[in-house]
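**Student:** Protein sequences appear in the order of chains L and G.
Following full-length UniProt numbering from start to finish, the first sequence increments by one per residue and tops out at 227.
Following full-length UniProt numbering from start to finish, the second sequence increments by one per residue and tops out at 312.
One or more of the hints may lead you astray.
Computed Cβ-Cβ distance ranges for the label pairs, DEER-style [said to hold, decoys possible]: (1) V176/G to G45/L: 37 to 47 Å; (2) H106/L to G243/G: 28 to 38 Å; (3) A72/L to E224/G: 31 to 41 Å.
Just so you know, the hints here were simulated from the structure itself, not pulled from any lab data.
Beta carbons are placed, not taken as given, at the ideal position from N, Cα and C, and that holds for glycine.
Given next are the chains, with one letter for each unit.
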Amino acid sequence: MDNDDTFRPQFTPLPAGPRGLLIECGTAEAASACYQQVQQHRRSGALDVTDAIPGATTVLLDGVEDTEALAARIRNWAIEQTAREATGHVEIPVLYDGPDVADVAHMWGVSPAEVPDLHSRITYRSAFCGFMPGFAYLEGAPSELHVPRRSSPRTRVPAGSVALAGPWCGVYPRETPGGWQLIGTMVGSRPLFDPTAEPAALLAPGTTVRFIPAVPTRTANEEGNGR
Amino acid sequence: MSSIEIVRAGALTTCQDAGRPGWAHLAVPHSGAADKPAWKQANQLAGNPPGACALETTLTGCAFRTYRDVTVVVGGAPCPVTVDDVPVAWGQPVKLPANSVLEAGAPTAGVRSYIAISGGLYPKAVLGSHSTCLLSGLGPAPLRQGDTIPLGPAPARPPYETQWPTPWPGMPAELVLPLHLGPRHDWFSPDSVAVLSRETWEISEHSNRVGLRLTGPTLRRVNEVELPSEGIVTGAVQVPPDGLPIVFGPDHPTTGGYPVIGVVGHEAMAQAAQARVGTPVRFVPLPPPAWSEQGRYAPARRSGTDEAWADT
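Isolated chain L, as found in the complex (with noise of 0.2 Å):
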């Protein structure tokens, strides 16, 4: 979004059962955009459901008491500005060690040794939780850095992998099946999924992100370079 005063998403609610209203915004922007607004409505008590779900282009509501009266007042929601306010910033270092790395250079017509900048040099947000919990979606990535999921997916990917899909970068809370691209593994204890913590989600919707080539990796590669 360039121009915010221009900015005027239209919200469509659609059924999604007796209590759950399912918000399409059409973009991803506008379904952030939605987010916010549901998350300040329900903060101020103007709207009362249980779970708001932010998706890739939509916002779902459940725990909807009464869907008709809701859906009118979605459909006249005006927003006029996108400011996003800091939901919070992490910054994950990163060791560059994945076996994807290549190929995703590849893909991006670079050195393997360029990955790690393209990656680190982009600020991403998270723009919902899905797959498992704490797997946040990243968003961020200027499509001509968007690479295809691989064609057959790992039966294994090991917790703290960092990984590409689509128009998305994640990182793996735990230890399971995936299909991203892996170009490396974060670095440090700090747990993507914390119940204990607040949030428990260490990349909750509307968290900035940053990852950070760690160190070592850094100096190994000078070091592999040096001639």
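Since the structure of chain L is provided, determine the placement of chain G on it from the hints.
**Tutor:** Okay, now just chain G, sitting in the frame of chain L:
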């Protein structure tokens, strides 16, 4: 405070309470008792406060020893119940002296029995709930022989007196699911609604607390674009590319990448939780509300979203 010790864990026995609503935006499934009315009623008859944690068994029951005098109600799926090998009543409060063993056998109908113990179970809570979630791994692990689970203090309210008959619902021989169409019913061919109301599916063996997978007729899409990930409610009927519906249960993922043709209400989901593999399933499609037809996006408006992904 005292505890119970699992003597026989059965096929799958978990701790369940009301679950974890309110955390879905962090990808935490709701979880909680699959048959909530049965769970509530077992607790009520045991004199427990609403929301107490109970055992949920699957198909083969379980057995446990208690280390203090308790009152126990085995409800939900009807099954033989014994205390130290002596038959006692199912669905009724049973006094269980310290150091005795209660065994809930394989149900004669249904899938899940609920065992409420006076005082309630207190395994370590995660995000305010004692529930096991199979998908996320949150909460206590499925129980194994030798596990001990702490009990809460004996409730102030005495258990109900034994009294027949108790109004336990019958178990479904055929599952009839009212289906509220939407949010993505218009991604399917016009004859899909007719197929839904006319045909019969069966519950497949690949069903669990995450979802009931159905075998039978396939539902055909007319909109083939990839659905960007979006939130899912419990009871949602998602249709993956093979066209076979999945009815999402308490441990379902919080977002999904395939269209949801409709949503089954909570009351029917309790019945669904008791339906065995092979049970015939019919849907009763209910039209989407009139308000939802205003300003509706045509499916074509959703092109250009092929960069978004269903899952990892």
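**Student:** H106/L and G243/G, beta-carbon distance inside 28 to 38 Å?
**Tutor:** The hinted range 28 to 38 Å holds for H106/L and G243/G, with Cβ atoms some 36 Å apart.
**Student:** In this structure, is the beta-carbon distance linking A72/L and E224/G contained in 31 to 41 Å?
**Tutor:** 32 Å, holds
**Student:** Just tell me: holds or violated, for the beta carbon distance of V176/G and G45/L against 37 to 47 Å?
**Tutor:** 39 Å, holds
Taken one by one, the earlier hints all hold for this structure without exception.
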